[in-house]
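In order, the protein sequences belong to chains F and P. The working numbering puts the first residue of the first sequence at 1, with every later residue one more than the last. The working numbering puts the first residue of the second sequence at 1001, with every later residue one more than the last.
With a straight-line cut-off of 20 angstroms between C-alpha atoms, the simulated EDC-like cross-links for lysine to aspartate or glutamate are:
#1 F:Lys61 with P:Asp1052
#2 P:Lys1090 with F:Glu100
#3 F:Lys133 with F:Glu167
#4 F:Lys311 with P:Glu1012
#5 F:Lys116 with F:Glu95
#6 F:Lys133 with F:Glu185
#7 F:Lys311 with P:Glu1010
#8 F:Lys311 with P:Glu1198
#9 F:Lys107 with P:Asp1119
#10 F:Lys311 with P:Asp1071
#11 P:Lys1197 with F:Glu269
#12 F:Lys87 with P:Asp1042
#13 P:Lys1090 with F:Asp231
#14 F:Lys320 with F:Glu248
Read the hints as simulated data drawn from the structure, not as lab findings.
So you can see what is in the structure, the chains are spelled out below.
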Amino acid sequence: MGIKEEIKSVLREAEIYRTQGLFNEAMVKFKHASELIEKNVKPESGKQLVDGITKKIELLKQTIAKYNDPAKPPEMPVEIQNLIKAKFSFSTDKESAALEGAIALTKFGQYERAIKEFKDLLKMESFRLVAAKNIIRCYLASSLTEGAVSQYKEWMTLDIFTLGQLEKIRFFLENLLKEKGIKSELPAVKEEKAVLKEDVAAKKVPEKAKPAIKPLIEMPETAKEEEEFLDVSSVGIILQMEGKKLPEIILDVSFQSGNVVSLLVPIREKFLIANMKAGVKLNDVQFYSPIAILNGSGVVSSFSRIGSGPKMGSYSLDLKMFTN
Amino acid sequence: MAVFNLKNREIECKIVYYGPGRSGKTTNLEYIFKTYKKQVADQMVTIDTEGDRTLFFDFLPMGLGKIKGCDVKVQLYTVPGQVQYSSTRKLVLKGADGIVFVADSFTIRREKNILSLKDLDQNLKECGLNIFKIPLILQYNKRDVGGSIPIMSIEMMQNDLNKQLKVPFFPASALTGEGVGSSLKECMKLTLVHLQKEFKWAQ
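Kindly generate the complete structure, drawing on both the sequences and the hints.
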């Protein structure tokens, strides 16, 4: 193949990659074509061609930069958000499904809608703390640090949370802000709650700033690890029979709250079912999360048969997780 | 995970189209939507960027009619192929009952295919699934482009991607539709057989 044909072939290839959306590959080929021209074609005839290729390469660089931009995903139309909520919640329990749907919205970057959903979930005692933490996360993910702080302050004036819950939320927010390198003096829970209530009612700033008051509950240093739990998508349980390890049983997590996961045990797992009840300790457990597979153990907090619905006959197992 | 309603004799299962970016996953679904309109239960949902890249996922619900007395519905999804959308891929993959892995036949994309298959393997493990056990077919797409630019031989792609898996494979061109229908049919067949064994729903 003569050099002219070779250059044409490389340019053709580059163009096909460009139209296919393979921009990095196109750029490589255009650069190769440019080098071939510079090496083999006289400058007076090759310069225009090289300039043309250089422009294409610049455009490709801009396009690549645009696609690699980690900007916040756009808020989708309501119908799409409803689809995300419906299709990415897997629990058969309506309320758990609502939580999963809200979390799915967060994972798809639909923070405004997710905040609305989580706020609805604040009404439910069992999900209140999880929902509150996710609301905080959504604000911070949307780069609305002030929004997160204002939300926490607003909650302090309302009677939604117990003092203990508020303190956990404060600790949670404080740690997230610290991770972002943001210093923020969050009001402590007990007496400030009363002060803030008056402020909101009177809409005025107190004349004297009261000295910082020790929180009612001292959160230990390790509380961060207790509060921050990995999303676990499935659990592997290894049982023993007569001293021999049995094959690992993998169970899907239908719901997770803190370090307690709810698992669905299919009816075929007869040996597991026969040996489960509240209080049983499982010493050999693997927790599969998006980040890592963790080894650990678990304690059964509840175990019951599903009496109705599509999973009737299967069992629901709540397991408190301990990682090594 | 398949939703199985014994009382109403209904099965709904999920098939995910996986593969590296720009391999033709969305084009597969677009072809299916256009060609199998009678089976399509609703509009295709596609969420993409200005440049036609899948941002979140595509979704296409289909009804397959009655099979062994059960009303079978299948939901097709694609994942975003670009590397930075890893967490979205994991979420879309959750609950998958069958997978069509769309590989790009361009020689220049060889490494991307292999990395994407490894990514699938890893994500399935995190979902508690096994790539050797889940219904899976391989589609070697863009076979129509050969001649203009270098494409890999089927033997090379088999060696790269299917040496250990040994699953059914289909050369295809999602643009012309060649191999698209057969890939989907085979994946659905494998998925339904797998679900039959899981739920014994035919009995």
